[in-house]
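Heads up: the sequence lines are chains A and B, in that order.
For any residue, its number in this note's numbering is found by taking its place in the first sequence, counting from 1, and adding 91.
For any residue, its number in this note's numbering is found by taking its place in the second sequence, counting from 1, and adding 91.
Treat the hints with caution; some may be incorrect.
If several chains are the same, the list does not tell them apart, and a pair holds so long as it fits within one copy or across any two.
[As the list claims (entries may be wrong)] Below, simulated PhoX-like cross-link-like pairs (lysine-lysine); rule was C-alpha separation at most 25 angstroms, straight line:
no. : residue 1 : residue 2
1   : Lys316    : Lys464
2   : Lys482    : Lys539
3   : Lys567    : Lys482
4   : Lys574    : Lys464
5   : Lys319    : Lys427
6   : Lys416    : Lys463
7   : Lys489    : Lys464
8   : Lys427    : Lys416
9   : Lys107    : Lys595
10  : Lys416    : Lys574
11  : Lys482    : Lys107
12  : Lys321    : Lys620
13  : Lys489    : Lys539
14  : Lys384    : Lys620
What the hints contain is simulated information worked out from the structure, not anything from laboratory work.
Note that the structure is a prediction, hence the values are computed from the model and not measured.
Protein chains: 2
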Amino acid sequence: MSVKAKAIYTFLSENKEEISIQENEELVIFDENSVDGWFQGENSRGERGLFPASYVEIIRTRSNSNVTDCSISPAGSLGNDSSYFPSTPSTPLHLQPSYYDDDDDDWDDWDDRSTVVDDADPVRSPGANGHAQQSPLSNNPNVHYRAKSVSGQDSISSSRKGSMVGRNLNRFSSFVRSGVEAFVLGDVPMMAKIAESYSIEMVPHGPQWKESPQPFACSIEDPTKQTKFKGIKTYISYRVTPSHTGRPVYRRYKHFDWLYNRLLHKFTVISVPHLPEKQATGRFEEDFIEKRKRRLILWMNHMTSHPVLSQYEGFEHFLMCADDKQWKLGKRRAEKDEMVGAHFMLTLQIPNEHQDLQDVEERIDNFKVFAKKMDDSVLQLTNVASELVRKHLGGFRKEFQRLGNSFQSISQAFMLDPPNRSDTLNNAISHTGRTYENIGEMFAEQPKYDLFHMLDKLSLYQGLLANFPDIIHLQKGAFAKVKESQRMSDEGKMDQDEADGIRKRCRTVGFALQAEVSHFHQRREVDFKDMMQAYLKEQIAFYQRVVQQLERTLRMYDCL
Amino acid sequence: MSVKAKAIYTFLSENKEEISIQENEELVIFDENSVDGWFQGENSRGERGLFPASYVEIIRTRSNSNVTDCSISPAGSLGNDSSYFPSTPSTPLHLQPSYYDDDDDDWDDWDDRSTVVDDADPVRSPGANGHAQQSPLSNNPNVHYRAKSVSGQDSISSSRKGSMVGRNLNRFSSFVRSGVEAFVLGDVPMMAKIAESYSIEMVPHGPQWKESPQPFACSIEDPTKQTKFKGIKTYISYRVTPSHTGRPVYRRYKHFDWLYNRLLHKFTVISVPHLPEKQATGRFEEDFIEKRKRRLILWMNHMTSHPVLSQYEGFEHFLMCADDKQWKLGKRRAEKDEMVGAHFMLTLQIPNEHQDLQDVEERIDNFKVFAKKMDDSVLQLTNVASELVRKHLGGFRKEFQRLGNSFQSISQAFMLDPPNRSDTLNNAISHTGRTYENIGEMFAEQPKYDLFHMLDKLSLYQGLLANFPDIIHLQKGAFAKVKESQRMSDEGKMDQDEADGIRKRCRTVGFALQAEVSHFHQRREVDFKDMMQAYLKEQIAFYQRVVQQLERTLRMYDCL
């Protein structure tokens, strides 16, 4: 059923299936249920196509006043404008757009509503969280799990664009909110039966996560374009193959996003790196697909390398479930998991070794200083490397190509006075021209082999580092509670038992944070060594190729 | 004796010994005899120092009305302002400023009056020729040889800045003016005795200059700073050593300039490349001295390679004379040489072979098209190479240094969390940083080894090519005369004998031009082959050094 709407932001179409809309422009929406965060409709100039749901406001009239803003609610009216989709869909069921599916738990569409809000273009960024907060949630009771988790968490991946702009300000905006305070204060009841258990062990340099008993790796390959909406909207499916099963499953970006949000929700003191960013337009441009694949691989490597994250049941489900029905069951199970946030702390087994809390605090302070400096320098290197990419594609290429052109031009001049020309010299000069044109192209191609990979890894680390200020904040809060409770106990205002309980639980928080820091350092060392080696190897190979090209060219002058 | 003067152009001081003067500003000149083209004086703000003589006009009062504008006349009053030079000079005679020398033929200063006019700054360029024409010549009878040659010729080198701005529009501005018309028309009387003789011989691909019986080379080395004027003005002396004598002589730039002007004056149909440009300020900056030396060497190589120019008596004098008295004699002899311009044509011995004039004209037309295209492409390559130098010194260096800095910054961050740090990795990353900083420096240094030499050679060729349009114009004029005279003869308006004479002399012009074209092509082939080979070799060496640096750096990661 068509409804009227008004554009609240200007949106400029960048793909042929999209249409541009102006702020305050009146629009007609053919189906008020957004798909992948997009509405289909018509603008005031009569153009028909897609535009982002979050950029418009549906105008409520009496006749449809019972429908709330559905830009974040895919379930609801099944209305469809038949003039836009003239024929009854004959698409096979498994490829049919999800708005034919009454299940709000639908795997295809429920969480893609923020597709556009992570675009870097300021015109396009009303803000994921802002939007989620402005929009009244659907009153459909089936979506309650989203209502619980939506306040700034479900869309975190979308609002992160690196450590500067993407710092997760909401996740641990307070010690209280995270549940860690409740845990430390003993307000989180022990569960009767806790199936999960993650151990921290003590090694010479401090606490660390106990290795997973069944370590594995996971490949991500073969991003394949799939279409839906009769080809109007497309998406990419990745083949995901865990090494311990060897059986591939196929996942979309939003499945990763679902997993990511589960992880954020559950693992209080663990730094879960954000996913590679989405891209609103030109999503299927080859370079972008390639880049997202590379970054998903790095993200996945971090996941499988992490002793805690790699053992998470929801992750296992993501990696192994190939059956649609089973998928939904496992997904619901993961979403109903109670051992999240504060409760997750109950699953931790800590060593018996005594650690002076003062020492722990000092270690954490050191790490804090380190993390800040590393975050700054990773950002600096990211900026420099990005600029270098730009130079490779622009300035460097241009300079060498111009040099090549000029040599060509010299050789063309030399061919103009036939009785006095030396074809051998002219050919050599012309070849030199082509060589430099080619070297220009090599410069433009080179970032694919080195700088892109460096930027991928730096992006992962930006994501990891962005979480630490909040995680450290938790630990600080817990330590403050210990001091407070000790003072109260000293003043006789609190049982010593209770104060001891707080101290004991605070130890858990400290151990967990130290284990996470230790894991971070281990990975950092491996990752940066690999990154630097790979970069240098590619750089050497590059300059060697340049030398070879020039040597071959120089030989053309020998026979003169 | 001090005289009053008025600034006719604004001059901005750029060195500490200079003072700025404003157009129309009243000035006091301490000694109206300029030295090296500079006056010493005081401006209206009481500042004392040097400013270019050609920028001011001396204000004549009754008391010194017998003195003409001396800005181009170094001989004259010996007056000296003792407040500026407080003590009687105790400088040894051979270093004393020339204004103590009554001889207008003085070797040190007479022709440096155009020191500043070749500066690219438009504020500073009233134009050498313009100035020479505006200034009334000294009425000193000793300077008559300059009066003869001054109209646009003596200062040509100064006004040339490359083929675009420096085309010699005056030298052959008309067929008539060059004297070639007179020669073709038989108006140049045969001399009783012609000592000089240059032969043109016929080889399969056409006429060419007969090789010099005594070919030689000449080195230019060891530019040494000399001072005069009690150290206020300095100049550079070069050691010039011809291979056939092995005995060095010492020459200043202005000696080269004198020689250059003699060559222009004498060799009508030969392309004499301009000298490397002067530089008004910062003349003694090391890079500039080095650049001028390199370009003087190339200029000299062209001179010694040229069968006609290398045999010129004035050149021999320039290369061999080491005695002051002999120098002056030889200089005067060269200046009194009558076999210049049109008369030079009389010294040419041409082969007996018949050449169809139509064919010759066609060849010349081909060459004209070639020369235009070559001039364009040499200019293009010059611009591209100059920009590439700028990029090497700026953008390239900056990018690599920034990358190096960022690696250093990463390594500094990694040193901040001591229990978790790997010194080996940190050292390797820090070393990588230094390597890239170093590579940045290598990029900045590299033009010295390759692009500078390319630009030097291109500049020589810009100079050579700039002369051809005028030289070709001479030949065109001669051919027109042949056609005209033949028509007149056919119409009975001219004796056939006279028409035959014109045709014969036109053959000489054609042979000479073809010989010069042939020589140009021979040199071009050698020079451009050398240029390209040298460039490629240095480029290979450069990228190999980069590879070596990177390989050494990569090995630091091996022990991790």
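Hints, verified against the model:
1. In this assembly of identical chains, the alpha carbons of Lys316 and Lys464 never lie at most 25 angstroms apart, being 40 angstroms within a copy and 52 angstroms across copies at closest.
2. With identical chains, the CA atoms of Lys482 and Lys539 are at most 25 angstroms apart both within one copy (13 angstroms) and between copies (23 angstroms).
3. For the identical chains of this complex, Lys567 and Lys482 are neighbours neither inside a copy (44 angstroms) nor across copies (50 angstroms), given an alpha-carbon limit of 25 angstroms.
4. Taking CA atoms no more than 25 angstroms apart as the test, Lys574 paired with Lys464 passes in neither setting, with 29 angstroms inside one copy and 86 angstroms between copies.
5. Within a single copy, Lys319 and Lys427 get their C-alpha atoms no closer than 30 angstroms, and across copies no closer than 95 angstroms, so neither meets the 25 angstroms cut-off.
6. When the C-alpha separation of Lys416 and Lys463 is checked against a cutoff of 25 angstroms, the pair qualifies neither within a copy, at 45 angstroms, nor between copies, at 79 angstroms.
7. Taking CA atoms no more than 25 angstroms apart as the test, Lys489 paired with Lys464 passes between copies only; the shortest distance there is 23 angstroms, against 36 angstroms inside one copy.
8. For the identical chains of this complex, Lys427 and Lys416 are intra-copy neighbours only, at 17 angstroms inside a copy versus 110 angstroms across copies, given an alpha-carbon limit of 25 angstroms.
9. Taking CA atoms no more than 25 angstroms apart as the test, Lys107 paired with Lys595 passes in neither setting, with 61 angstroms inside one copy and 76 angstroms between copies.
10. Taking identical chains as interchangeable, the C-alpha atoms of Lys416 and Lys574 are never at most 25 angstroms apart, the minima being 51 angstroms within one chain and 101 angstroms between chains.
11. In the homo-oligomer, the alpha carbons of Lys482 and Lys107 never lie at most 25 angstroms apart, since the shortest distance is 30 angstroms inside one protomer and 40 angstroms across protomers.
12. In this assembly of identical chains, Lys321 and Lys620 lie within 25 angstroms of each other by CA distance neither inside one copy nor across copies; the values are 47 angstroms within and 63 angstroms between.
13. Taking CA atoms no more than 25 angstroms apart as the test, Lys489 paired with Lys539 passes in both settings, with 18 angstroms inside one copy and 22 angstroms between copies.
14. Taking the shortest alpha-carbon separations for Lys384 and Lys620, only the intra-copy value of 22 angstroms comes in at or below 25 angstroms, while the best inter-copy value is 49 angstroms.
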